[in-house]
Amino acid sequence: MKQYLGPLNKENPVLVQTLGVCSALAVTAQLKPAVVMALSVTAVCAVANLVISLIRNTIPPRIRIIVQLLVVSTLVIMVDQILQAYVYEVSKMLSVFVGLIITNCIIMGRLEAFALSHKPLPSFVDGIMNGIGYGLVLVVVAFFRELLGSGTLWGHPVVPQSWYAAGYLNNGLMILPPMALILVGGLIWIVNSRKSGVNH
Amino acid sequence: MSVISHISEKIGRSFEKGRPLHCFHSLWDAVDTFLLTPAEVTKEGSHIRDAVDMKRIMITVMIALMPALLFGMWNLGYQHYLSVGMETGFWSCFWYGFLKWLPLVIVTYISGLAIEVAFAQWRGHQVAEGFFVTGFIIPLIMPPDVPLWIVAVATAFSVLFAKEVFGGTGYNFLNPALVARAFVFFAYPSVISGDSVWIAESADAVSGATPLALVMNGNMAQMPSFLDMFVGTIPGCIGETSKIAILLGAAVLLFTQVASWRIMLSVVVGGFVTGALFHTAGVCPVNGWQHLLMGGFLFGAVFMATDPVTATHTKSGKYIYGLLIGVLAIVIRVVNKGYPEGMMLAILLMNIFAPLIDYCVVKVKVKKRKLNISKHRIKL
Chain A
1 MKQYLGPLNK ENPVLVQTLG VCSALAVTAQ LKPAVVMALS VTAVCAVANL VISLIRNTIP
61 PRIRIIVQLL VVSTLVIMVD QILQAYVYEV SKMLSVFVGL IITNCIIMGR LEAFALSHKP
121 LPSFVDGIMN GIGYGLVLVV VAFFRELLGS GTLWGHPVVP QSWYAAGYLN NGLMILPPMA
181 LILVGGLIWI VNSRKSGVNH
Chain B
1001 MSVISHISEK IGRSFEKGRP LHCFHSLWDA VDTFLLTPAE VTKEGSHIRD AVDMKRIMIT
1061 VMIALMPALL FGMWNLGYQH YLSVGMETGF WSCFWYGFLK WLPLVIVTYI SGLAIEVAFA
1121 QWRGHQVAEG FFVTGFIIPL IMPPDVPLWI VAVATAFSVL FAKEVFGGTG YNFLNPALVA
1181 RAFVFFAYPS VISGDSVWIA ESADAVSGAT PLALVMNGNM AQMPSFLDMF VGTIPGCIGE
1241 TSKIAILLGA AVLLFTQVAS WRIMLSVVVG GFVTGALFHT AGVCPVNGWQ HLLMGGFLFG
1301 AVFMATDPVT ATHTKSGKYI YGLLIGVLAI VIRVVNKGYP EGMMLAILLM NIFAPLIDYC
1361 VVKVKVKKRK LNISKHRIKL
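For the record, the sequence lines run as chains A and B. Residues 1 to 200, numbered by the numbering used here, are exactly what the first sequence covers, in order. Residues 1001 to 1380, numbered by the numbering used here, are exactly what the second sequence covers, in order.
Just chain A, same shape as in the assembly (with noise of 0.2 Å):
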């Protein structure tokens, strides 16, 4: 139980492994598309994982890799055509970011790492736990970016409007990408002085 919890917490994809820092930098302005972008790669990781794990032992070793990207880009053209169809603007915001899970080394990371050589259901928890893991980096940046850079979570506006009356601004440099990689810097930072119980 424990090694399936350990995506949330001290081997974090993003934070410990930094794997997948390249999308969390780019989808976290709000918090919808952070949100989406989540649970699209949960899904194409734990299904990767799933069927990889299931074939796993008719794969010849030398072609591995050919194999695994072959299903991780079935299933993230399946999460996109699903994405246009169903959320079609959030799909539009996301761009090219969906098709991007495919390099997102998390999914070839746990493929590589677990899949190939554990049974199909752990692998699928594995999937999933890593998917959150990941998601809920994305989730925490994406909420502080969208509440200071644009005054709003989720699309409607949270800051009163007493307060800009008042004087307050929001935050241009939150929108920007360098300021999601300082969060996710600062992320990092509490993390690491968490798990080393060292203060540097």
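No lab work stands behind these hints: they were computed from the structure. Ideal Cβ positions, reconstructed from N, Cα and C, are used throughout, including at glycine. Treat each hint with caution, since some may be false.
[Claimed, not checked] What follows is a set of in silico ranges between Cβ atoms, one per label pair, in the way DEER data are often shown:
#1 Ile190(A) <-> Asn1336(B): 32 to 38 Å
#2 Val1283(B) <-> Tyr168(A): 38 to 44 Å
#3 Tyr168(A) <-> Thr1256(B): 39 to 45 Å
#4 Lys1365(B) <-> Pro157(A): 58 to 64 Å
#5 Met1062(B) <-> Pro177(A): 35 to 41 Å
#6 Lys1043(B) <-> Glu112(A): 41 to 47 Å
#7 Gln1257(B) <-> Glu112(A): 57 to 63 Å
#8 Ala1281(B) <-> Val87(A): 38 to 44 Å
#9 Pro178(A) <-> Val1273(B): 28 to 34 Å
#10 Ser1190(B) <-> His156(A): 21 to 27 Å
#11 Asn1336(B) <-> Pro157(A): 30 to 36 Å
Let chain A serve as the given structure and place chain B on it in line with the hints.
Positioned in the frame of chain A, the structure of chain B alone reads:
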């Protein structure tokens, strides 16, 4: 004097380990060393001691900033009364500027020192003197009417992410004062750009555009005379307008050898040459030496680029570093109309490259010497 030290000793005891106020001991240490010479001496090993320490260097920089600050205060009031069309005397201008400057500097110090002290406490360090100069410079490079909460947020951001994250004073690779300004520039562009922010509480009808903004909009006719720009009676940040005051500060820094003349010289040369090139090519109506008088170029060259922590350390590295700052500042200024104040961005960019420049310089030197040695051996 003995009374003061006696009192300080008495108070200091309640900050010792085991006492109730121990959790604030770094705050007390900071106050104590600021007011008095601490009694502790090095106990083991031999250390070369010099009269110049960080405290003295920082105070020298603050003295060098004084002319720019005093002139800036007066100019703040002068510009304000000019825009509302009132005739007033010298002291009322000065008093007005002082009242504008005071809250800025108080907010900067409270916000920055709170974080600095908290980190010193957390890590068991002493509170370093570095923030005194940073906190002194920040109000000088902000527009006079910037909201105080923005100053507080920007200062907190720069102390936290430009300094403490990397280990505190002496370990920062970016100039914290410039990071604070860049933060305001990118996060709250409406308070630091445009025509209306450079004169405190200006009348609506008066455009307070800086000379830089006038040139960028092709408005050469309204330009102040270059004598005005040299003396400093133009709208702008508190510290940057008077070139005479900045040159006085530069003289202090150079005489005391606190700042590197190599960097100052090469920044000015780089800026002048690039400005002249753009002028001859017909891209920009301003010629080389006029560029030096505009905006924060000179202030940046004297007080920002020479920051010993963030600049290069090798001699030839300093020339390269300064030259590139001058060149980049003018290139950003002329080519990118959106960022008229290129000096800030140029210095920050070169801050990032400073370690690389030093590394390359050292490598080249090492290689040369190795070559010399091998030649020598063949001769033998």
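Comparing the hints with the structure gives:
1. Under the hint 32 to 38 Å, the C-beta atoms of isoleucine 190(A) and asparagine 1336(B), about 37 Å apart, fit the expected range.
2. Checked against the hint of 38 to 44 Å, the pair valine 1283(B) and tyrosine 168(A) passes, with Cβ atoms roughly 40 Å apart.
3. Range check, tyrosine 168(A) to threonine 1256(B): about 44 Å between beta-carbon atoms, so the 39 to 45 Å window is met.
4. Taking 58 to 64 Å as the suggested C-beta distance range, the pair lysine 1365(B) and proline 157(A) conforms, at roughly 59 Å.
5. Separated by about 37 Å at the C-beta atoms, methionine 1062(B) and proline 177(A) satisfy the suggested range of 35 to 41 Å.
6. At roughly 56 Å, the beta carbons of lysine 1043(B) and glutamate 112(A) sit outside the given window of 41 to 47 Å.
7. Look at glutamine 1257(B) against glutamate 112(A): about 58 Å separates their beta carbons, and that is inside 57 to 63 Å.
8. A hinted range of 38 to 44 Å is violated for the C-beta pair alanine 1281(B) and valine 87(A), which are about 51 Å apart.
9. A hinted range of 28 to 34 Å for the beta carbons of proline 178(A) and valine 1273(B) is consistent with their spacing of about 31 Å.
10. For serine 1190(B) paired with histidine 156(A), a C-beta distance near 24 Å keeps the hint of 21 to 27 Å intact.
11. For asparagine 1336(B) paired with proline 157(A), a C-beta distance near 33 Å keeps the hint of 30 to 36 Å intact.
The earlier numbered hints that this structure contradicts are 6, 8.
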